[in-house]
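Put chain B on the given structure of chain A with help from the hints.
In order, the protein sequences belong to chains A and B. With the UniProt record's numbering applied, the first sequence corresponds to residues 1 to 463, in that order. With the UniProt record's numbering applied, the second sequence corresponds to residues 1 to 463, in that order.
Don't read these hints as lab results, they were simulated from the structure. Using N, Cα and C, we set each Cβ at its ideal position, and we do this for glycine too. There may be inaccurate statements among the hints.
Non-contacting residues of chain B with respect to chain A, defined by C-beta distances greater than 12 Å in every case (computed) [what the hints assert, rightly or not]:
hint : residue
1    : Arg168
2    : Gly206
3    : Arg337
4    : Pro385
Computed cross-link-like contacts, DSS-like style, restricted to lysine-lysine with a CA-CA straight-line distance of at most 30 Å [as the list claims (entries may be wrong)]:
hint : chain 1 : residue 1 : chain 2 : residue 2
5    : A       : Lys54     : B       : Lys115
6    : B       : Lys81     : B       : Lys319
7    : A       : Lys389    : B       : Lys319
8    : A       : Lys54     : A       : Lys319
9    : B       : Lys54     : A       : Lys115
10   : B       : Lys389    : A       : Lys319
11   : B       : Lys81     : A       : Lys115
12   : B       : Lys241    : B       : Lys198
13   : A       : Lys319    : A       : Lys81
14   : B       : Lys81     : B       : Lys54
Label pairs and their computed distance ranges (CB to CB) [to be verified]:
hint : chain 1 : residue 1 : chain 2 : residue 2 : range
15   : A       : Gly216    : B       : Asp360    : 44 to 52 Å
16   : B       : Gly426    : A       : Glu190    : 53 to 61 Å
17   : A       : Arg365    : B       : Gly378    : 37 to 45 Å
18   : B       : Gly378    : A       : Gly216    : 49 to 57 Å
There are 2 protein chains.
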Amino acid sequence: MARASSLSGFPEWLPDGRVVETHVLDSLRRTFELHGFAGIETRAVEPLSQLLRKGETSKEVYLLRRLQDEGEDGAGADPDKQLGLHFDLTVPFARYVLEHAGQLTFPFKRYQIQKVWRGERPQDGRFREFTQADIDVVGADTLPFHYEVELPLVMAEALAALPIPPVRINVNNRKVAQGFYEAIGLDDVEAALRVIDKLDKIGPEGVAVALEEEAGATPQQAVHALELASISATDASVADKVLALGHRSVLLDEGLGELVALLEAAHELRPGTVVADLKIARGLDYYTGSVYETTLVGHDNLGSICSGGRYDSLATDGKRTYPGVGLSIGVSRLLARILGDGLATATRPVPTAVLVAVTDEEHRRASDRVAHALRARGIPTDVAPTAAKFGKQIRYADRRGIPFVWFPGSDGADEVKDIRSGAQVGADAAAWTPPAEDLWPRVGAPGSAPDAQTPGAQAPGAR
Amino acid sequence: MARASSLSGFPEWLPDGRVVETHVLDSLRRTFELHGFAGIETRAVEPLSQLLRKGETSKEVYLLRRLQDEGEDGAGADPDKQLGLHFDLTVPFARYVLEHAGQLTFPFKRYQIQKVWRGERPQDGRFREFTQADIDVVGADTLPFHYEVELPLVMAEALAALPIPPVRINVNNRKVAQGFYEAIGLDDVEAALRVIDKLDKIGPEGVAVALEEEAGATPQQAVHALELASISATDASVADKVLALGHRSVLLDEGLGELVALLEAAHELRPGTVVADLKIARGLDYYTGSVYETTLVGHDNLGSICSGGRYDSLATDGKRTYPGVGLSIGVSRLLARILGDGLATATRPVPTAVLVAVTDEEHRRASDRVAHALRARGIPTDVAPTAAKFGKQIRYADRRGIPFVWFPGSDGADEVKDIRSGAQVGADAAAWTPPAEDLWPRVGAPGSAPDAQTPGAQAPGAR
Chain A
1 MARASSLSGF
11 PEWLPDGRVV
21 ETHVLDSLRR
31 TFELHGFAGI
41 ETRAVEPLSQ
51 LLRKGETSKE
61 VYLLRRLQDE
71 GEDGAGADPD
81 KQLGLHFDLT
91 VPFARYVLEH
101 AGQLTFPFKR
111 YQIQKVWRGE
121 RPQDGRFREF
131 TQADIDVVGA
141 DTLPFHYEVE
151 LPLVMAEALA
161 ALPIPPVRIN
171 VNNRKVAQGF
181 YEAIGLDDVE
191 AALRVIDKLD
201 KIGPEGVAVA
211 LEEEAGATPQ
221 QAVHALELAS
231 ISATDASVAD
241 KVLALGHRSV
251 LLDEGLGELV
261 ALLEAAHELR
271 PGTVVADLKI
281 ARGLDYYTGS
291 VYETTLVGHD
301 NLGSICSGGR
311 YDSLATDGKR
321 TYPGVGLSIG
331 VSRLLARILG
341 DGLATATRPV
351 PTAVLVAVTD
361 EEHRRASDRV
371 AHALRARGIP
381 TDVAPTAAKF
391 GKQIRYADRR
401 GIPFVWFPGS
411 DGADEVKDIR
421 SGAQVGADAA
431 AWTPPAEDLW
441 PRVGAPGSAP
451 DAQTPGAQAP
461 GAR
Chain B
1 MARASSLSGF
11 PEWLPDGRVV
21 ETHVLDSLRR
31 TFELHGFAGI
41 ETRAVEPLSQ
51 LLRKGETSKE
61 VYLLRRLQDE
71 GEDGAGADPD
81 KQLGLHFDLT
91 VPFARYVLEH
101 AGQLTFPFKR
111 YQIQKVWRGE
121 RPQDGRFREF
131 TQADIDVVGA
141 DTLPFHYEVE
151 LPLVMAEALA
161 ALPIPPVRIN
171 VNNRKVAQGF
181 YEAIGLDDVE
191 AALRVIDKLD
201 KIGPEGVAVA
211 LEEEAGATPQ
221 QAVHALELAS
231 ISATDASVAD
241 KVLALGHRSV
251 LLDEGLGELV
261 ALLEAAHELR
271 PGTVVADLKI
281 ARGLDYYTGS
291 VYETTLVGHD
301 NLGSICSGGR
311 YDSLATDGKR
321 TYPGVGLSIG
331 VSRLLARILG
341 DGLATATRPV
351 PTAVLVAVTD
361 EEHRRASDRV
371 AHALRARGIP
381 TDVAPTAAKF
391 GKQIRYADRR
401 GIPFVWFPGS
411 DGADEVKDIR
421 SGAQVGADAA
431 AWTPPAEDLW
441 PRVGAPGSAP
451 DAQTPGAQAP
461 GAR
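Okay, chain A solo, but in the shape it has when bound (with noise of 0.2 Å):
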């Protein structure tokens, strides 16, 4: 089993679990940087004031207390003071460009793959600790309409490069519902957001009725919204099928006019993975252009794994805006997903490919040169905890799946053996290297082929 945890809600896993997480950051990472951005670290706490910006979110923070200080950090104490644990990465991004606004460049492309901390009841896939990856491009005053197509589509070749089913993206623009709104003469935007937002949950006759209760529609705007709503298409049709509602606007042309934009440069690069969905309404209240929610395919029940939009003003000082356009990954609820439902498994738990056995401990330092010189060339060694009879060296390794046992012989004479076929052939370790499929643990769905095509499974550098 991957997974262990002892407190709930603040998941912690098993190495072989590790090593597929760590498989699923460095090949996250290594798209985001394939794209050119940088990778930024925030601290894991903001002042309470920043924390509680958008006010909606008051009941998931942690607050800080020291221990031996109290008063200090008291209920009364001032929130410009008081520290919280972030309970995302968008809230420090902001803070962070506004902060070092005069040493960035923009527009600023930037990755950041951190823990996050909400003290919310842990519930089924809820957790208090869990680790989001969010890339967010930020302009200076402007932000040019094509990251809005770009980003959601270096997250479609990140998502495409893990363990995981496929995804779909599925998108709408806040100016299409808006602009529509308008066309036909319902005002109260939000609350209509707001409603429709339900659909899943009180279907569109409920929707209907809650449109001329909260959204003071009158019956016919409410079909109208229900029209709309129940638009999706994968290509230019999705304008056609908008338009012929008969209802047009400024705002609503120009929406649909992204929209379209972003599903054809979808549609060249990643067929059928970029869906409009007009039905999508949430964060509408908050994104002013395109928004993006991500399925797994096959595991609806997990909700959206990736979700972001266009924000005309990230942040603000007064004098410059920055709008920005972004996605997060929850990792941790993906990862949770992965490893519990068996989606992919670690060849092995730890990153040896070799174990030295030792003959008697007083030819210890004899295997540790084998280790030094293995590693030396960049092959990951263990030497036998103890000079047991070699049966149970090789026990030691098979109970962590080493694949290779090295035998010291006398006058260079060493053997290496494949314990996992028995296979035993003389080796200098000068010259000898593993196939490199054995070379790291690799990830990938149980009992598939060796696949040198998952990079990402291998640790950094010059491997």
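Relative to chain A, chain B alone:
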């Protein structure tokens, strides 16, 4: 400037500093994995009862409190339920070993690189949030001595691979001090060690007085203790020097045997790196065998950057005892020195090797295709944010240190320019590759020649 911090004690790096940090962390990970250490991470929080197990560190703990859940974590709360941020990686590792002993294989070699938090008053070089990199090996009931030789040598190798001056590992052994004190009849070993620990601060005269006053030593015993503390050596002569003092005990002989074994093995692998320094007393109340401290040559004022030792009982569950030996690098303090003194810099603050220029917005898709082709062959590539004049696009690359700008031509007549030399040549996105030293940012001493021998400067995966 690589460093940026608006909250005292919580360091944060600008992108160029983060490249250096990532290089350091990748390099450490590579060395640890080459030696067969499995990577684990533990949750950031532990129950207060765990954190206070050793008692002495209570003032450093940050407690957590949910903003909307007053009372739950109040001052009088159950310390088994109250949560605090871990202040080191040893306490959580001990808990992890006990909790998952049934699913681990022993001896268990693990590395762990994570942030830790201490609510101390931030001072020169002291952080409230910082990264530690630990290696430990832990056995079930027994753990052979040879690991006390191997682990400091793994750290010596790990530190030698970093862009820092050479290190000196100072070692002592609890058995030597205790065995010697027993031999001269100095009974209060703990008190004597506490006094000896002040040698650098209060000098030999002050120590002599304090040994008599606080450790109950006779004047003669104080002289002998000071004689022992004055001994240092890089080889087996350390035993001769101690024995020349004319006092022996079984424990002393055992300790000297261990010390000499460590020095001899170190001398073979890294001559001059490991030095026996018998005045080291810190940690000897906790460690039971070897103890290690590491200084950066020429940076004595930084204090120890890597410390650790042998503990006969890292953890115990009543039935089994888990002895261990381990060392911990204070990565953030080391990094602050690297960046503050400019010991190493990054060749660029972004991963990007190539910027693809955009001729006009109508042809952005053509530039995207070039970028896609380059990335598919592992070349980190960005596309210009706007179709500005080429001079401006080149400046975009120049400001970020991106060495190459790619100009898509009509009919595939593409060209690529090295903006450092100005050389511009025809190129095919399906075949062109930058020089290996330009592929990823590199980290090294400023102005040093490109050094292809810094594998950790590269990002993970098959690079």
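### Message
Given the hinted pair lysine 54 of chain B and lysine 115 of chain A, is their Cα-Cα distance within 30 Å?
### Response
holds (27 Å)
### 30 Å limit on alpha-carbon distance, applied to hinted pair lysine 81 of chain B and lysine 54 of chain B
Holds. Lysine 81 of chain B to lysine 54 of chain B sits at ~18 Å (cutoff 30 Å).
### Query
Using the C-beta atoms of glycine 216 of chain A and aspartate 360 of chain B, is the stated range 44 to 52 Å upheld?
holds (46 Å)
### Message
Taking the Cβ atom of arginine 365 of chain A and the Cβ atom of glycine 378 of chain B, is their distance within the range 37 to 45 Å?
### Response
holds (41 Å)
### Message
Beyond 12 Å on every Cβ pair: is that true for proline 385 of chain B relative to chain A?
### Response
violated (5 Å)
#### Entry: Cβ separation check - arginine 337 of chain B to all of chain A, threshold 12 Å
holds (18 Å)
### Query
Using the C-beta atoms of glycine 426 of chain B and glutamate 190 of chain A, is the stated range 53 to 61 Å upheld?
Since glycine 426 of chain B and glutamate 190 of chain A have Cβ atoms about 55 Å apart, the given range 53 to 61 Å holds.
### Message
With the threshold set at 30 Å, check whether the alpha-carbon distance from lysine 389 of chain A to lysine 319 of chain B stays at or below it.
### Response
Holds - the C-alpha atoms of lysine 319 of chain B and lysine 389 of chain A are around 27 Å apart, at most 30 Å.
### Query
Does glycine 206 of chain B sit more than 12 Å from chain A, CB to CB?
Answer for glycine 206 of chain B: holds, closest chain A Cβ roughly 30 Å.
### Query
Holds or violated: are the alpha carbons of lysine 54 of chain A and lysine 115 of chain B at most 30 Å from each other?
holds (27 Å)
### Task
Assess, step by step, whether the Cα of lysine 319 of chain A is no farther than 30 Å from the Cα of lysine 81 of chain A, and give holds or violated.
holds (25 Å)
### Range agreement (Cβ of glycine 216 of chain A with Cβ of glycine 378 of chain B, hint 49 to 57 Å)
holds (56 Å)
Checked against the numbered hints listed earlier, the structure breaks hint 4 alone; every other hint is satisfied.
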